[in-house]
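Participant: Spelled out, the chains give:
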Amino acid sequence: MIPAAFDYEVAESAEAAISLLAEHGDDAKLLAGGHSLIPMMRYRLATPSVLVDVGRLDDLRYIRAGNGTVSIGALTRHSELEHSAALAEACPLLASVAALVGDPAVRHRGTLGGTLAHADPASDLPAAVLALGGTIVAQGPGGSREIAASDFFTGYFESVLDADEMITEVRVPADRGGWNYQKFNRRAQDWAIVGVAVAGGGSGVSLVNMGSVPVRASGVEAALAGGASAAEAAAVAADGLEPPEDLNADAEYRSHLARVLTERALNAAGVA
Amino acid sequence: MTITEEAPAGHIGARRLRKEDPALLTGESKFIDDLALPGAIWVGVVRSTEAHANIVGIDGSAALAIDGVNEVLSGEDLALLWGEGALPCAWPVTGDMKTPTHLPVARSTAKYVGDAVAVVLADSRYAAADGAAAVVVDYEPLPAVVEIEDAVADGAPLVHPDLESNECYTWGLWGDNAPAVDAAFAEAAHVVSERYLQQRLIPAPMEPRGCAAVPSPAGGELTLYSATQIPHILKVMTAVVLGIPENKLRVVAPSVGGGFGCKLNVYAEEILCSALAMQRGAPVRWTEGRAEAAVSTIQGRGQVQHIELAADADGKVQAVRVKLLADMGAYLQLVTPGVPLLGGFLYHGCYDIGLYLFECTSVFTNRTPTDAYRGAGRPEATYAIERAMDSLAVSVGVSPEEIRARNFIAADAFPYESSAGLTFDSGDYQVVLDKAVALAGVAGRRAEAAQRRAAGSSKRIGVGFSSYVEMCGLAPSRVLASLAYGAGGWEAATVRVSPTCKVQVVTGSTPHGQGHETCWSMIVADKLGVDPDDVEILHSDTAVSPTGLDTYGSRSLAVGGTAVYMATDKVIDKARAIAAHQLEASEDDLEFSGGVFRVRGTPEAEVPLAGIAFAAFTAHDLPDGMEPNLEAHVTYDPPNFTFPNGTHIAVVEVDTDTGNVDLIDYVAVDDCGVQINPLIVEGQVHGGILQGAAQALYEDAVYNSDGQLVSANLGDYLVPSAAEAPRYRLDSHATPSPTNPMGVKGVGEAGTIAAAPAVINAVVDALRDLGVTDVDMPASPQTVWRAIADAQGGAS
Ligand SMILES: Cc1cc2nc3c(=O)[nH]c(=O)nc-3n(C[C@H](O)[C@H](O)[C@H](O)COP(=O)(O)OP(=O)(O)OC[C@H]3O[C@@H](n4cnc5c(N)ncnc54)[C@H](O)[C@@H]3O)c2cc1C
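Protein sequences appear in the order of chains A and B. So the first sequence is numbered by our numbering: it starts at 293 and just counts up by one. So the second sequence is numbered by our numbering: it starts at 467 and just counts up by one.
Don't read these hints as lab results, they were simulated from the structure. Just to be clear, a hint being listed does not mean it is correct.
Stated by the list, open to error - Simulated restraints on C-beta separations:
(1) B:924 - A:363: 40 to 48 Å
(2) B:748 - A:314: 52 to 60 Å
(3) A:302 - B:490: 43 to 51 Å
(4) A:330 - B:924: 51 to 59 Å
(5) B:496 - A:381: 45 to 53 Å
Said to hold, decoys possible - Residues from chain A shown here face chain B by an in silico Cβ test under 10 Å; the list is partial:
(6) 300
(7) 334
(8) 338
(9) 348
(10) 374
(11) 398
(12) 478
(13) 483
(14) 536
(15) 540
(16) 548
(17) 556
Stated by the list, open to error - To list a few chain A residues with every Cβ distance to chain B over 10 Å, as calculated:
(18) 296
(19) 340
(20) 466
(21) 468
(22) 531
(23) 541
(24) 542
Here a beta-carbon is modelled for each residue, glycine too, at the ideal position from N, C-alpha and C.
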C-alpha cells in the first residue's frame, strides 16, 4: 500500500500542466482529486514517475448554464455538482448522479475531469455525460478539441485522450426531460454493480459497468423510439453486451440487473 | 480530591462519557507507527504469492540496488537467529494433535499466499516496501489444498507431508452418550439435519498490526512495542521462543486501534524484529499495510457445520448431534486449535437439551492461519443452533418464538448443569425474548409481510430470531487445564491511594478500544467515594503492570474488573484499620461511605480517606506492625465462566427482483448482568451487531482454486460502514451473575454472536413461501437472487 517513488510538480495553469506533461512524456500523470490515481499508485497498478498536480486550478472550477448548454470546468468537484442550484435547474440528472458517487469525502475531492479521464466503466458520471450526449473539451500542446462523449471511451480505463492532453471543460445540453439514475451497489460508498442513466425522457439511456466502457443502451433507445413500453424496451437492455464478472456479479446476474434497473429508471423518468 | 456527599451509588450504571476519547479524537494517542525511533532498521516482508510452493531461489539483487535497502535475508539466512525457536501454539487440544513447525520466515516451502519467505532490511518504511517488491522469488509450485472438505478427501495433497495427514486433531464431547443419542433420533417425531458454511472472515481493525523492538545492548535488555491485545502473554512467549531471559524483556502495547481477536497472537514479525534487534543492537521495526494484513494476519471462522436435532411431537428437543470440519489454515497460531472448542460447549444454545454429542475434526489448508475472531467459536455455534431451531419450528408448525419458548432453560433452573458439562450462572431467557418480541413489534411486521405477499409485492419482509447464550469471562484456570490450554485464566490488579488521595489502578487487562479506563475508574470511584477523574488506570506495559493475562473472550470486566473491585476492597480494609486506630474505635463500629469513615452512632467521630491516605504515607502513627502506604494487590481466578444471553430480532426487506437485502430494523435485548456503563455496553452491542450482520450480508474471504485470496482489499472485502448499519433498538434485562461480586457478565462479543443467525433467519423467513429454505452467508444480492431462482426451478 506504499506507492513507488515519484516526483511532484504543481501546475499554475492548464498550459503549464500541458507543457509539464509534454516535458516528462509518458511517465507523467495529471493529479486532480487523486481519488482514482492515488489508490492505483498505492497498489502499484500505476507507477507514474512524475505527478503534475492540477488540483489547485480554481479557474477550472465552475458551472455555467446558458443558451441551452451547461459548461463545467474540469476541476469541478463532485460535491459542487451535487450542490449547485444552477445545475439542479438546468440538468438535474447530472447533479443527482454526482450525489451518488462514493461518500462525502470522495465527492469533496473527486473531479468531473478526473472521473472522465479515468474512464472506468463502473463510474457514475461518465455514463451520465454519455446519456446526456455531452462533449468533452481537451486541450493539448497544439490547442483545444471537442470530443463527443460517445467517441471518448475506448476501453477499460482508456480513452481517446492523448498523454499530453488535459480535459479542461465538459459540456452537456440543458436537459429537463424525464430523467433518472438507478445505482445498484452493496455499500453506500461503492461503485455501481450496474447503473442505468436515463436522460431526455428516454432519448438517452446509458449503462454503468456493463462492458469495458460506459455504454449507450441503443437497443433500449431504439425500442422506445419505435413505441415500445418501458418494460418492453428494458427487456433488451443487456442484449449484445459482454458484462464483466467479479465477486459481486457474474454476467448473467449483471444482465438481469441491467433489465430490472432499466425498467425502474424508465418508469421513474416517466417513460410509459 | 472531590468527596461525594451521598452514598457512592453514583457512578456505576451511569452513562459516563469515555475518559479515553479526547486523546483519541484529537489524535494525541500514540499508536505503534507514531513511535519515533531514530536509526531504526525497517523490515519489509516478502510474502509468498503461491499457496504452496518450494522456494527454489531468492534473488535480492534488484532490491539491493534500491537506495536505502541494505540487506535481503532468506528464511535460511534467518534460521540461525531463532535456532529451534518456532512460533508458539498454546493450545494443544488433544495429546495427538499434529503441530507443524512454524518458522517466522519459511525456509524451503511456502504454505500459503502471504507466508513470509524473505525479509528486506532498509533505512525507511518506503525503502523497505520498495525493496520487498523488488525481491524475485523463484517458486516451484506444489499442489494446494484450498477448501475445507477437499482437505479430507482421498488423495488430497498434503499441506505438511511430514505430518502424513491434513487432519490436525479430532476433539469431541461424547462421553457414553452415543447410544442414547441414537435412540433419541430413532424415536424422534421431528428430525432436523442441516449443513451450514461459516465463510472465512478477515478482521479489519482500524489499525493494522505493527511492532518495534528496541534493544539496550549494554545490559542485554529488549523492549518490544507491539500493536497487540496481549503484552503479557507476548512477553512470556517471546522469552520462551528466543531464549531471552524474562527479566530482560519488556513488552509495551501503545494505543491499539482495535483487534477483534486478531491481535491476540504471537506473530512472525514480533519474533523477527525482536531477534534482529538483539542481533544488531539497533531498533528494528515493521508496520503492516492494509493489503498485507488481509493475508498476513489471522482470519476468522472457516467451518463446515453439520447439526442435527431430534425433537418430540411438541418440538421439545431431546438431542443435538454436531459434526464440524474446522479450517486451521496452514499453521497453528497461538490459539487456533481451541477456537472450535469454545463453541463446542454451546451447540445446544440456550435450550434445555439433555443429550449432546459434539465432534470437531480440524484440518490444514494452504491458506492463512485462522484464529480467534470476535466471538471465537461461539458465533459459529449460535449460528448453527439458531438456524436449526427455525427449521424445527417450520417442521413442527409453530413460530420461531414458540419453538424457543418450548425449549428454553427455565428461569428457575439456574444454576443449570448443561449437557455439555458447564454450569450456567443465571438468566431469564423467556423474559428477554418477550421483551424483544414486544419491542420489535413482531405481530405488526408479520401482518405487513403477509399483506405484501398477498399483493405479490417484490419487496418481501422477513423477521428473524436469534436467542443466544455465550460463555464469557475466560476463564477458570482449572477448566482451562482440563482443555489443555497452556495458561491460566486469572487476572491481576493493584490499587494504590497516593498521599494526596489520588488513586492509581494497575490492571493486567489490556484495553484496545473497549473503555477499561472509564469503567475501572467508575468502579473504584464508587467504592472509595472519590471522583472517577481522580483515578488513573495504568496498563499495557509489562514494566508498569507486570502481571496480567490481557483482553479477549469478553473477560476484561468479569475477571479484570473483578480483580480491581477486590483490590479496592482490600485497600478499604486497610484504611479501616487505620481509621479505627485514629478514631480509637473498633473496626466493627466503623461505616465507610462517601469516602469517609464514621463511628456508627457518633457522627462527629469521622475521618476522610484523604486523611488516612496521608497518614499511611507518613507512617508516623500506624497500628503496630502495619506496613506504610495504602495499597493492595489481588489476583483473581474466576470460579466459573459467566453466561451473557439475549434475544435479537432482525427485520429485513428483500427485493426479490434484485436479491437485495435491507436491514430495516434490528432489536436486541441483552442480559450482560449488571451494567457498569450503559453507554459503553451499547457501543459494544452496536459494533458487535454490525460485525455479525457483516458476516451475514457482506464479508467473505474468497479464495480461488489456486489458493489466491481474491477479496484481498477493502474494495472487494466488504466491511460495512455506518451507512449500512441498521437502526439499532436496544433493551436489556439484568440477571446479575452470582459468579462475581459485581454480578457482571461481559458484552464484548454478544452482538457478533447473535446477529448473523438473526439476519439470515430473517432473509429465509422473507422468502420461505417462495421455496427458499437456506441462503449461504454472505447473503449477497446475487446469492439471494439465485436462491430464489433455484427455488422457483431454474434461473429466471
Ligand atoms: C472510496 C472511493 C469510492 C469511490 N466511489 C465511486 C463511485 O461510487 N462512483 C464513481 O464514479 N467513482 C467513485 N470513486 C472515484 C472518484 O469518483 C474519483 O474521484 C474519480 O473517479 C476520479 O477523479 P479524480 O479527480 O479523483 O481523478 P484523479 O484520481 O486525480 O485522476 C484520475 C485519472 O485521470 C487523470 N486526470 C485527472 N484529471 C484530468 C484532466 N483534467 N484531464 C486529463 N486527465 C486527467 C489522471 O492523470 C488519472 O489518470 C471512488 C473513489 C474512492 C476512493
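Participant: Each hint should be assessed against the structure and marked as holding or not.
Facilitator: Each hint, compared with the structure:
{"no.": "1", "hint": "B:924 - A:363: 40 to 48 Å", "in the structure": "41 Å, holds"}
{"no.": "2", "hint": "B:748 - A:314: 52 to 60 Å", "in the structure": "46 Å, violated"}
{"no.": "3", "hint": "A:302 - B:490: 43 to 51 Å", "in the structure": "34 Å, violated"}
{"no.": "4", "hint": "A:330 - B:924: 51 to 59 Å", "in the structure": "40 Å, violated"}
{"no.": "5", "hint": "B:496 - A:381: 45 to 53 Å", "in the structure": "50 Å, holds"}
{"no.": "6", "hint": "300", "in the structure": "14 Å, violated"}
{"no.": "7", "hint": "334", "in the structure": "8 Å, holds"}
{"no.": "8", "hint": "338", "in the structure": "14 Å, violated"}
{"no.": "9", "hint": "348", "in the structure": "25 Å, violated"}
{"no.": "10", "hint": "374", "in the structure": "16 Å, violated"}
{"no.": "11", "hint": "398", "in the structure": "12 Å, violated"}
{"no.": "12", "hint": "478", "in the structure": "6 Å, holds"}
{"no.": "13", "hint": "483", "in the structure": "8 Å, holds"}
{"no.": "14", "hint": "536", "in the structure": "13 Å, violated"}
{"no.": "15", "hint": "540", "in the structure": "7 Å, holds"}
{"no.": "16", "hint": "548", "in the structure": "7 Å, holds"}
{"no.": "17", "hint": "556", "in the structure": "9 Å, holds"}
{"no.": "18", "hint": "296", "in the structure": "7 Å, violated"}
{"no.": "19", "hint": "340", "in the structure": "15 Å, holds"}
{"no.": "20", "hint": "466", "in the structure": "32 Å, holds"}
{"no.": "21", "hint": "468", "in the structure": "29 Å, holds"}
{"no.": "22", "hint": "531", "in the structure": "16 Å, holds"}
{"no.": "23", "hint": "541", "in the structure": "5 Å, violated"}
{"no.": "24", "hint": "542", "in the structure": "7 Å, violated"}
This entry does not satisfy hints 2, 3, 4, 6, 8, 9, 10, 11, 14, 18, 23, 24, going by the numbered hints stated previously.
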